[in-house]
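Participant: Protein chains in written order, with our numbering: chain U, 441 to 870; chain F, 441 to 870.
It is worth saying that the hints were derived from the structure and are not from the lab. The model shown is predicted, which means the values in this text are computed figures rather than measured ones.
Partial list, derived from the structure: chain U residues whose beta carbon lies under 8 angstroms from chain F:
1) N700
2) G848
3) M862
Glycine included, every Cβ here is placed at the ideal spot set by N, Cα and C.
There are 2 protein chains.
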Amino acid sequence: MSSTTANVSVPADVLKKVTDMAYDARVASRILAKADTRWKNNALEAIAKDLEHKADIIVRSNAEDLERERAGGMSEAMLDRLMLNAHRVGELANSLRELAALPDPVGEVVRGATLDNGLHMTQVRVPMGVIGAIYEARPNVTVDIAGLAIKSGNTVMLRGGSAAAKTNETIVGIIRHALDKNSLPMDTVQSVDEFGRGGANALMVARGYIDVLIPRGGRQLIQSVVNNARVPVIETGEGNCHIFVDVTADVEGSAKILVNAKTQRPGTCNTVETLILAQGAEATPRVLQALNDAGVTLHVDAATRENLPGGVEAVDATDEDWATEYGSLDLAVKTVASLDEALNHIGKYSTGHSEAILTNNLAHAETFIRTVDSAAVYINASTRFTDGGQLGLGAEVGISTQKLHARGPMGLEQLTTTKWIMRGNWQARA
Amino acid sequence: MSSTTANVSVPADVLKKVTDMAYDARVASRILAKADTRWKNNALEAIAKDLEHKADIIVRSNAEDLERERAGGMSEAMLDRLMLNAHRVGELANSLRELAALPDPVGEVVRGATLDNGLHMTQVRVPMGVIGAIYEARPNVTVDIAGLAIKSGNTVMLRGGSAAAKTNETIVGIIRHALDKNSLPMDTVQSVDEFGRGGANALMVARGYIDVLIPRGGRQLIQSVVNNARVPVIETGEGNCHIFVDVTADVEGSAKILVNAKTQRPGTCNTVETLILAQGAEATPRVLQALNDAGVTLHVDAATRENLPGGVEAVDATDEDWATEYGSLDLAVKTVASLDEALNHIGKYSTGHSEAILTNNLAHAETFIRTVDSAAVYINASTRFTDGGQLGLGAEVGISTQKLHARGPMGLEQLTTTKWIMRGNWQARA
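Let the sequences and hints guide you as you build the complete structure.
Facilitator: See the structure below:
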């Protein structure tokens, strides 16, 4: 921990242009805030249709990005996150249709009462206003966040990763055109990609212009935003997730959950990154064998190496492995003597995203749940369920790993704030 | 708006000491998080009793602070906020008893469902962990925030204003002693006052040690925290509140509300600071006369001066007046030609705290409510009601003027976060 805050410098002309755009976003947000649900849903459906109709153009733009990044040495896991084909564009369009089908959070009365003095009080959900989003390679985030913003009555300023620049430019153009055709302001969705890193920095310091900033990506991106932003930030996504296999864990169930949590989509933030084995756990050989068979590279400590089944390969873990979010088919593996040792390890290395215990010991399960200070804590299930769609919250902006405002999957509701409306009859305070 | 983030520098030894204290707070927070409600309530009642028993000592310490500050030229309004007598100490003790009587937010199940795949999901309120509070002269904040922290299962690190240093030292000592007698960790409540400004700065940069930082005080304090903090901040308290008197406003009702909103306790953040009069409002002369009679200094624009009733005194307003939170018996007064002009003025100068319209015109009332983007918006009532106690939320940590996490009065619930608890039966994601 350093003792000074970092400096972010933004060229004056970029700052001026971005705050001018944010002003346009603010003006647009007043229209969005008052737009009927049906009106917003029609726009979402029009965007979905246009994305599908123009899938060829999107895939062509995406191919340019892929080619450049492959030549630049991007890993296969990252290329997979960047890649769009007609099927994935269809999925994006469908995610907008699912958003249209969700209830509108705006206008919901959260609390209401008539006070002793006759004052009528209601606390009502209203949009935040202008949202900023800074994210990395996955172009689906562009569609997700634009859709969530529209449905929740907000406007959004996007800064996508340079790796997906061409794809994002095409998608944002399609969205803006569809908004315009549907009588909603084009400036509901804007991109600051043209300003490069300066655009991201401008979003971070534009206090009073941007109501909330959402970084979505890897550790470096998130830390940079958290350390430099002057506008309120919701920290998302960093997931160094742990699964603890207890002595009594089910053998086949554990193998199934570990393979699922590691290999189903290794690039996602709810993927397990460290397996902690209880000394003497019956499931150990089967779990390690299954992971090995699934192509996972095991980074093991000395105690685990002693229990490696014949034919299972492993490399030696270093201290760095415990803190690494691989985003690939790698897994750190540690063997501990007790639940307490597992809890201490998690307390030290967890990013507060998702952790699971696999056990048949009730006391251990309850201790784990009470002690682990993470957004999602599991008993006998895969960490891959930490996802807005899986939990029935609809599309998500990201998984919040902070404690303020939202923790865990963030959906529409988390993109609103509330306003207290007080209807009086000439009351003064006694 | 500047284009770089500011630098906060903290001497390394102070940073080390404060983070060591925060580590102790973290350890204590694990005990608090699991403490039964009854246990926490007993501690609150014991603290209340001790504060009353030791009121003499508190008042003596406070007299030292008052004497020094009076000699230093502190205004009467500020001295009033600093002052404690036996009666006010009794009120503080009673506020702790009221807290003990409130429901405990910890453990509340906010949401729950069984998913299609049989996974049992609950979202449960849990304490934040370690709260930091940076505040100014009012020593009652020390008791308020300590009480709220204890009840909500959090620990707290306090940095009070130097003006109340002696009072706060005495109060914190009494609280820690009472906690210890009641088997709760003394380090539930700690003060970093001994480190002066370095203590405040250390709280701001102690990311990972402090879960949320709450500044409570005037504009300069809050801006300094917001601009420099690396830990999540809840912005509180800045209140440049407006009341708009419409053409159709009730004459006596308007006079009553304005006098109440300005003079009942001028130092508070929900006090009105700008009165906006509709040109031709019937209530104008009566309102200005009543404010004048109540000893309010009116800072008027040219249009208002033309309508000043005989015998009512006023000074000329400058542009600075529109942006000023006086905290005293001063009031800026502006006359406008339309509701739109009033809304534009409020949009430009409001700090997003509390604004009111006084009117009998329904369309104007609804337009005002929809358009004004503040935490609390009133029709025909005093802005002084923006207060946790008045709204039935119990004691408050402050009035949030930001949109994230909490907006308006913040009570116990706003000092908690949630955890998603997922109980499975060996489910993997399909």
